[in-house]
Amino acid sequence: MKRRDFLKACTICGVGATLGVSKKASGASFEGYPERMGVLVDLTRCVGCRSCEAACNREQQLPAPKASFDDQSVFGKKRRPTEWAYTVVNRYETEREGGPVYRKIQCNHCNEPACLTSCLVNAYTKTNEGAVIYNPKVCIGCRACMVACPFNVPAYSYSSAFNPVVKKCIFCYDTRLKNGKPPACVEICPQEVLSFGYLNDLIKIGHERIREMPDKYVDHIYGEKEVGGTGWLYLSGAPFDQVGFDTTIGNEPIISNVKEFLGIIPMVLVIWPALFTGFHLLSTRNQSHSHHGDPHSDQEVAKP
Amino acid sequence: MNAVTHWLIGGVLLMALTTASADSRAKNMPDSINLDSMEHLYEKVNFNHAGHIRLIKDCAVCHHHTTGTLVEDTNCVRCHNNSGATAVVTCKGCHSAQPFSAETIRKNRSNLKAYHNDKLGLKGAYHQNCTGCHVKNGGPTGCQDCHPRKKEGDAFYNAGEQAPKAQEKGKSRGNQ
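Quick note, the sequences are listed as chains A and B, same order. Okay, so the first sequence: first residue is 1 according to the numbering used here, each after it adds one. Okay, so the second sequence: first residue is 1 according to the numbering used here, each after it adds one.
Watch out, some of these pointers could steer you wrong.
Said to hold, decoys possible - With a straight-line Cα cutoff of 27 Å, these simulated BS3-like cross-link-like pairs (lysine-lysine) come out: (1) B/LYS119 to A/LYS178; (2) B/LYS150 to B/LYS44; (3) B/LYS165 to A/LYS204; (4) B/LYS165 to A/LYS66; (5) B/LYS165 to A/LYS181; (6) A/LYS181 to B/LYS44; (7) B/LYS119 to A/LYS225.
What the hints contain is simulated information worked out from the structure, not anything from laboratory work.
Just chain A, same shape as in the assembly (with noise of 0.2 Å):
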């Protein structure tokens, strides 16, 4: 092949794989499964009573907690899920008045996860029914999920020191949302705070509920276009900034954020690989046989 047909091949190539990532990037945002399951988690009818707490002990087989899941001393400080609880209530006091306010955290199953996109082992899935679940056999432990997540969910198995894996809320897809049962928390609360459902009549069942009590409730769905929607979902009586919610989070899914950069890795890994070293071979063809310290060279111009 001359230099010249080389030269154009590469850059016929080069562009070809630009506008094909460039167009992908572009592509329509995934408008999510249309059957995904949800829940609406309605603050305002939480007592803080851990119920669900301990619902998710038992079904996730989670060793026995450090307190008693009657001990409101947890309250004390405000917690995030760990490898050993999945879910955890907080509790804030706002300026609100009829007391203080209580919150679940736990994954809140995003249509577009941050932590799927973020994963270089391909352990996580978006289910059919909108659960994110993972496959602790895959996951290498590099924890790239948890900087990703935009509700610092995911959390580590720190204490296991030759296999320390990603541990997370799964929805309780294993053995009940497969089968079309809600999740043990949801069927143990007392209170009705959470109801599962499908996500688009949940997002309709909390607009009508802040339709029929506008003082009740601050007009908002948490979840509805945070991050490009959330499977769980809230609504509160109070300002969400006060009750722990980052409102700074935007409503683009963070891959949106992510998807051109991850569109260029091939390019640059495989693409530019090929082509300077294309490049490199071409400018040093000539000069092959004229390294310094190369007998053979020495000898080619002792020759003569």
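Assemble the complex: chain A is given as a structure, and chain B must be docked to it using the hints.
Here is chain B on its own, set in the frame of chain A:
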């Protein structure tokens, strides 16, 4: 027969029916009700129906729009201002014991235009109705004031005798 006679007969029949149903309701009215859906964790709650009737006197506080009282809730009034009392009186007649089972969800979904898709389940209805009133009127509000736990319940909540021991606490895991 003219139209007036028709109306008269109809009216008399209607009155007779209403009286009869009211009577039968009174006859079937239980003095106490066993709430045992959480029997695997808690002792049965023996709800003293007669006692609450003596105390509150107004059936409509719990039996909204069922026992002859008109609809009072402002949201319900929008459509049911002129609706009569419904035939169903029991709580579980409207509030499903399994509000999130696949079957209930399917049923709710079959008519998406229905307004009553967001009806509380039985457990939620009890707790919200009872606790709300108890808080206002000084009734018992602690969980175990109404339903003491069984041994299984203590195990479930890691409470009582099954609470984690202090020694274990010392060598236990980090923050939880």
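We went through each hint and held it up to the structure:
no. : hint                 : result
1   : B/LYS119 to A/LYS178 : holds (24 Å)
2   : B/LYS150 to B/LYS44  : holds (10 Å)
3   : B/LYS165 to A/LYS204 : violated (46 Å)
4   : B/LYS165 to A/LYS66  : holds (9 Å)
5   : B/LYS165 to A/LYS181 : violated (34 Å)
6   : A/LYS181 to B/LYS44  : holds (25 Å)
7   : B/LYS119 to A/LYS225 : holds (25 Å)
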